[in-house]
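Visitor: Here is what each chain is made of, one letter per residue.
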Amino acid sequence: MNAVCQNIKDTLKLPEFEIKSNYIIDNHGFKRVDLDSITLVPHITADLSTLLSEYSTIFVKSYGNGTLATPSFRGTTSQHTQVQWNGINLNSPMLGQIDLSQVPVAQFEKIEILYGASGIALTSGAFGGVINLVTIPNWNNRINLMMAQTIASFDNYTSNANIAVGNGNIQSHTKINYSSGLNDFPYFNDYLGESVCQKNAKFKQYDITQEFYWKLKDKHLFSARVWYRYDDRNLPPTTDSDQDKIEKQKDKILRALLEYKYIERKYNLMIHTSMSDQYMKYTNQNQVAEHHVYSWINRVRFTYTGIRNLSIKPGLDFNHDWAVSDGYDGIKTRNTASFFGEIAYDFSKKIKSTLVFREEIIDGKFMPLISTVGIEYKPFNKINFSISSNLARNFRFPTLNELYWDPGGNPELKPELDYILEGGVNFNIKSKNRQFFLETTFSGYYSWIYDMIVWVPMEDNSSLWSPENVNEVMTRGIELGLNMQWKILGFDLGFKNNYTLNHSTYEKSGSINDQKVGKQLIYAPVNAFNSVVSLEKWNVFLRYNFIFVGKRYTSTDNLFYMPAYTLSNIILGKNINLRYICLTLQVEIKNLFDLDYQSIRNRPMPGVNYAFTMKISFGKGNR
Amino acid sequence: MKVFNHTSYSYLFFFLFTSLVFFTESCSKEPIREKKEDPDTTHNSITYTNGIFVVNEGNFNWGNATVSYIDQGTGKVEQDIFGKANQRALGDVAQSMRIFKQYGLVLLNNSNKVEVVNLKDFKSVKSISGFNSPRYLEVIDSTKAYVTNLQQDISVINLQTLTIEKTIKTPTWTEGMIRFDHFIFVTSVGEYYLSNAFRKAKIYIIDTDKDLIVDSIHTGKEPLGIAIDKKQKIWVMCTGGYDHFEAPSLMRIDPALHIVEKTYFFPSTGSVPSRLCMNQAGDILYYIRGGVYQMPVTSSELPSEPIINSEGRLFYGLSVDPKTGNLFVSDAIDYVQNGMVYQYNAQNGQQINSFTAGRIPGSFCFTSGSGKK
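Listed in order, the protein sequences are those of chains A and B.
Everything in the first sequence is counted per our numbering, starting at 1 for the first residue and increasing by one.
Everything in the second sequence is counted per our numbering, starting at 624 for the first residue and increasing by one.
These aren't lab readings, by the way, just hints derived from the structure by calculation.
No experiment lies behind these values; they were computed from the predicted model shown.
Don't take each hint at face value.
Straight-line distance between alpha carbons at most 30 Å, and here's what the computed DSSO-like set of lysine-lysine pairs gives [as the list claims (entries may be wrong)]:
no. : chain 1 : residue 1 : chain 2 : residue 2
1   : A       : Lys245    : B       : Lys792
2   : A       : Lys519    : B       : Lys707
3   : B       : Lys853    : B       : Lys946
Pulled a few chain A residues facing chain B out of the computed Cβ check, cut under 8 Å [said to hold, decoys possible]:
no. : residue
4   : Asp190
5   : Val456
6   : Ser463
7   : Asn513
8   : Thr554
Across the chosen pairs, the derived CB separations fall in these ranges [stated by the list, open to error]:
no. : chain 1 : residue 1 : chain 2 : residue 2 : range
9   : B       : Pro654    : A       : Phe339    : 31 to 39 Å
10  : B       : Gln710    : A       : Gly364    : 44 to 52 Å
11  : B       : Pro654    : A       : Trp448    : 24 to 32 Å
12  : B       : Gln710    : A       : Ala337    : 57 to 65 Å
No residue lacks a Cβ here, since even glycine has one placed at the ideal position from N, Cα and C.
If we strip away everything but chain A, and leave its shape as in the complex, we get:
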């Protein structure tokens, strides 16, 4: 098969049928799931919210088509989910969360999902986990051009262009995408009692990324990356609110980073400096609010593997955040210094362990020491079967809004604390002729969050809300994964499934009438399942995606809920190869069965909708 077609982003050299494990164990004892470029390619014009809800057990709280979408893991909140792009935190330091609809899939090559405590190696505060977006150079690439155009329902259009040029030492990669749309999908409005079109939902957004990589004598690696995003969108009204209300949001985000790696046989060194500049402007009929946050992020990592069975990775981070906001009284800043260490030790070929610890100093104050220890046991030599477990303590420092929002911000807030225990089993098997692969995973977790921050009406002034360390939350659950791949009669067949069961419950009462103790957190589904069936032959590919989102409670006393729903999405496409050129035609049908649904109360979602994509790519590599 033509490699240009198989993998337009051309980041990995793949054998004809490569066995891909979803579940990758990097740090022993922790869970990590990778979504590789093969998964991403058909979704090049989508945003991250689509991808995560279709391929992972992360719950994406979507406020509508193409609008705010926030991720949460394992029954925690979106503030306990950190999204990083090459080591830069994409979560806003003001809100502490990210809008996934602002992250186009076209901007990166791989997604690493680090569950639970494994995120401590990257950052604090990610009780649920970390979503790491990775861009990687392909040193075999000589030239690769790609252009794609998508025409979708509701007057939505997306254009993409990628240019990758270089040789074995230097690579340049340019990625551009532009989307615009009216997004005026029809839906049935129960409040008005009639079918209407979504109002005030148009948007215009583009991203430009430039990456440079320079490799010297296989010892020095320099990289420079810049990502600029512009987003101008109207915020549609909820179904019951005034439909003529006009709200708008404009974002301009610049992220830039420089990185240097020095690689020796027994050790390596990484120095990273980056900045992000996030500007947001909110407008309604009689109000304008502007928020501007700058972050400067520095990281130094050293890895030493000179001692048998041992690797030591000390690190140092320094971040500076600087915020000017109409919501704050004056300029607010934050300095975070953290010392970090990761020690991996193999007791034997069968027993391997990892210890990670991190101490952060925020604005001169020592935070609780956080650490995690993980262990992995592989009892058999010839069978890929492993048992792993980890134990961790983590904290989340309050966001700038929680501390300084005027009025209401509470500078006296303590960090939230979390204790997590996790265990898992992974088994995979492949047939000798490499025609069949099967992988099953199981993980279970138990965690307790103390001093969880919630905005509550102030005791002395119920018209003013203020964040307080009032909640205690217990989360526990299991995750099951089943991944199968076959090659039968010339068909490439794939079948990936994820199931999660989660109980996250309030464990502390706020007042005497409070009925929430022991009840499930709102908008945290107890059950969730997704499945992808893929089929490929004669350069025709078909992907069928099935999503089940369980019941989500909408009141803390669990008397009200949004019913469970299932969605089906389908992609059918054909690659046409002409020597160095590949033409791809693809049709995507979302919400195949035209379900009339709301994921969040009063936020309408579109019925069946279509997207047609034409993509042309030209590639020449050095193989």
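Assemble the complex: chain A is given as a structure, and chain B must be docked to it using the hints.
Guide: Chain B only, in chain A's frame:
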């Protein structure tokens, strides 16, 4: 590895999976909307003639405002009477309710509507739209009513046609209204989107014959509550500002002379007072400040002890039943679950009864009369 014959298994597996999915998918066609656990289908076909309507605000943008009804005769409470009668939601953030003849008028802040219902069955008669975040309604005469708005303007409703007839222009957030002679005294907080440092708080005096603002009186920041006593003195409760801009105050105004006669200052620390209301006789004021306080209009100073202690609850709404004189107090709990309503004896502060209400019970409306607020 000949452990299993995967070809036949895989086909079978695929077939089963796909057919299962298609089967379940094509069956479930019911729209996915919020539901209630064990929904109470009991719809007592009572007429709403002797009881209390509890207006549950609901969460902003959730569209889960409801009205609960407490029947004075049976002591039973019925939830979401509008939803049951009309098979649709009431709207987004119900601020208050007023009764005019056979109609109930519910003001929906974020829907920018006033829902007019027939009190016989609570069926919607008309939804009047075109407001700017409506707050409170005051009936002027049999033909017109005023509606205050958070964003701007006071809307004048024609009660015969149930339409907005005109607006009284003002750029400010107007809130409570009290009638004196042929004037309406309206509290005005200032521009909604400004902070209290830049807001000018005042009382507008409107000539109801001409629908014109004829004068104004300066007050403390955020004059949210207004009431009139038996001696025709107007009382105004100023919170001092959500941002604790200044000490809260209670003002007594002579409506004939348009002057502030007396100002009682609360301590600038501690709880902010809210929900000023008057008993039917017009001689005792009530308000929430943590607990519920009672103050005779003749008192020379503010009461030091509450008549009802909050006891760990966060009191949110307060009204006096014009018929029995009982106090109705609400607890919104954490604002994300059903709230509670308590009924107290106004003389001794003893609890008479308690009821479950809907989400964020904020105000009350009595079938026996509008009350003095």
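Visitor: If a hint holds in the structure, say so; if it does not, say that too.
Guide: Results for each hint:
1. A:Lys245 x B:Lys792: Judged against 30 Å, a Cα distance of about 20 Å means the pair holds.
2. A:Lys519 x B:Lys707: holds, 27 Å
3. B:Lys853 x B:Lys946: holds, 16 Å
4. Asp190: The hint holds - aspartate 190 (chain A) has a Cβ within 8 Å of chain B, the shortest such distance being about 6 Å.
5. Val456: It holds, given that the least Cβ distance between valine 456 (chain A) and chain B is near 7 Å, below 8 Å.
6. Ser463: holds, 5 Å
7. Asn513: Nearest chain B Cβ about 5 Å off; hint holds.
8. Thr554: Hint on threonine 554 (chain A): holds, closest Cβ of chain B at ~6 Å, below 8 Å.
9. B:Pro654 x A:Phe339: 31 to 39 Å: violated, 53 Å
10. B:Gln710 x A:Gly364: 44 to 52 Å: violated, 59 Å
11. B:Pro654 x A:Trp448: 24 to 32 Å: With Cβ atoms ~38 Å apart, the hint is violated.
12. B:Gln710 x A:Ala337: 57 to 65 Å: With Cβ atoms ~59 Å apart, the hint holds.
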